[in-house]
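> Residues per chain are reported as follows:
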Amino acid sequence: MEKYLNILNIAIYGSAVLLMLIGLYGALTKKSLIKIVLGLSILDSGVHLLMIAIGYLKDGTAPIFSPGNEDKMNIMVDPIPQALVLTAIVIGFGVTAVALSLVIRLYRHHNTLRIDEIKKLKW
Amino acid sequence: MVGSPVLFVAIPLLAAFIIPLTGMMWKNSVRVIPGLVLAFMFFLSISLMGYVNEHGTIVEVLAGWKPPIGINLVFSPFTGFLTTLMTFLGFIVWLYSYKFKRNVDFEPSMKYFMLLMLLVTGSVGIVLTGDIFNMFVFIEIVSISGYGLTSFYTRRDSAEAAFKFLFMGAIASTFLLIAIMIIYSQLGTLNIADIAEKMPMMDHKLKVLSLVFFILAIGVEAEIFPLNGWAPDVYTEAPGPIGAAFAGIVVKAAIYASVRLVYTMYDFSGAFDLFIIIGLITFIMAETTALRQDRLKRMLAYSSIGQMGLVMIAFGIGTKEGVYAALFLMFNHAIIKSLLFFSGSYLVFNKKNKYIKHVNGMGKYLPITSVLFTIGAFAIIGLPPFAGFWSKLAILTAAADNKMVVLIAVILIISILEAVYYLRVVNRIYFYDKKEKTEPKKPSLNALVAMISLGVIVLVIGFYPDLISGILDRAAADLLDKGNYIKDVLTLNK
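Chains F and E supply the protein sequences, listed in that same order. First residue of the first sequence? That's 1 in our numbering, and the numbers climb one at a time after it. First residue of the second sequence? That's 1 in our numbering, and the numbers climb one at a time after it.
Be careful, since some hints might not be right.
Mimicking DSS-like on lysine-lysine, the simulated pairs with C-alpha atoms at most 30 Å apart in a straight line are [as the list claims (entries may be wrong)]:
| no. | chain 1 | residue 1 | chain 2 | residue 2 |
| --- | --- | --- | --- | --- |
| 1 | F | K119 | E | K207 |
| 2 | E | K99 | F | K35 |
| 3 | E | K364 | E | K99 |
| 4 | E | K354 | E | K442 |
| 5 | F | K3 | E | K207 |
| 6 | F | K119 | E | K442 |
Hints listed in this document are in silico derivations from the structure and should not be mistaken for laboratory results.
Whenever a hint applies, use it, and build me the whole structure from the sequences.
Structure, rendered in structure tokens:
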């Protein structure tokens, strides 16, 4: 049982980290603006999965105190990471929406989505 | 007490979403309401400062959950000082841009003022909040409204600048989330005071890792050297007053966040040396790059980054004198850089690429604006009768007290570069002949009032630095007194 849990842990944390790495790779190396936005949002999802995994508890119950349930305190899942993830998902959605609208603006202005052809501003 | 600190977040947020509705009935309300709100916030924060000086820090508990469980707002001498500075600058930016886009149409100015209100909400929220996740939310509010304001003009290359900013901001926000999760998984709390108390229990490696993620994330907004690639583009492409808002409000909030982390949350002293090193690199890189800019706003942007490096150095010195100097410099930079952005945008108004050569001979055509720009330039270099002199002196004495001879030498050498590129512009304003035929734009009355009041502040602080040194002293003492902060927040039984 213990071993099974360990494997599960590794799988969840590993896939979260993997998602983050995929997202970071996509955001940093791809030339297409749409792919960069996709990369950013995959990176976001990876972090969200990590946050959920931190609050996860095997056989946990919902964190609600109700009559007859007072003794289940130590098997309740931690509600805070879930609340945080909800907020983070909404924020991530907003950022993605703004990013896509900027991509549309860039496409109209430059007639291309390739980031190496859009470089009027430089350091 | 006149009001509670929660109004600093609630009122501008409400105003931002109510002006589209009132705008349908009375179009001018789009411009009037933000001004009233900002003036009220400034008034409120001044009166709360008076209360704090007599009765001590105000800790506001939201929704009845006491810390460490609930979210709390902390209005201490330090955060109060920054709040006052930000709301004042917000008001000045509003005054300057009151007639913004007046002759175009109703829509743009509505979006402009909505986003400006959100920007102020987020920045003040970052400073007041006592909870790191709440801080993350406010940082996102600032960033998203910042992206909107940057891409405001559709005709310029503003979308490119905004996308750069967004790319860095989005990655920074994920890093911030990771840092927050590391802290939460180790200590089980999100409250800054509670974290500060439990910090010695945390595993050393994870502590360093989370600090690195924090600095990477907040460094983007704070314009720390390798992370500030967005800043010059954003300052160039955003509307003129927004440059002032970024330099005076947003960056100050981000600097606050990083200082709060290092001074209050984390307990290792090596972080101070890190501040000095990244501050020095930022300072040197930015000032040398500013020297070879040919566009006015880009030059001001690099100068702004350089000044932030100087603030980081001063915070890194770590003594009370150092913190005092840093706060003084933050105050001066907010006032002076806003003055430079305001007057600079009129000097190159309506010019295609806003090159420095466009200011040639403007001294004859725009006398008041030119004088104000000159005052700002002299003040930021640190010439004696102006405000900038005292802050630079304070940094040098703070460094001298700690025997940091190399630091003093570097600051002085780089200051010469700073003088070179500012005086070059002033020289062009007065001693070159105007070549172009286009008529320079005369500043409108409200913009003139905003610029003159900033200029007067620069001069008054220059002659009587004692006017604010008491406030700065209390703020510096408050920041350094970590135990008191924890006690104020956690032993709250009112």
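> Now look at each hint and say whether the structure bears it out.
We went through each hint and held it up to the structure:
1. F:K119 <-> E:K207: Between K119 of chain F and K207 of chain E the Cα gap is close to 39 Å, so the pair fails against 30 Å, i.e. violated.
2. E:K99 <-> F:K35: Given that 30 Å is the threshold and the Cα spacing comes to 40 Å, the pair is violated.
3. E:K364 <-> E:K99: holds, 25 Å
4. E:K354 <-> E:K442: holds, 16 Å
5. F:K3 <-> E:K207: Measuring from Cα to Cα gives roughly 29 Å; hence the hint holds.
6. F:K119 <-> E:K442: violated, 34 Å
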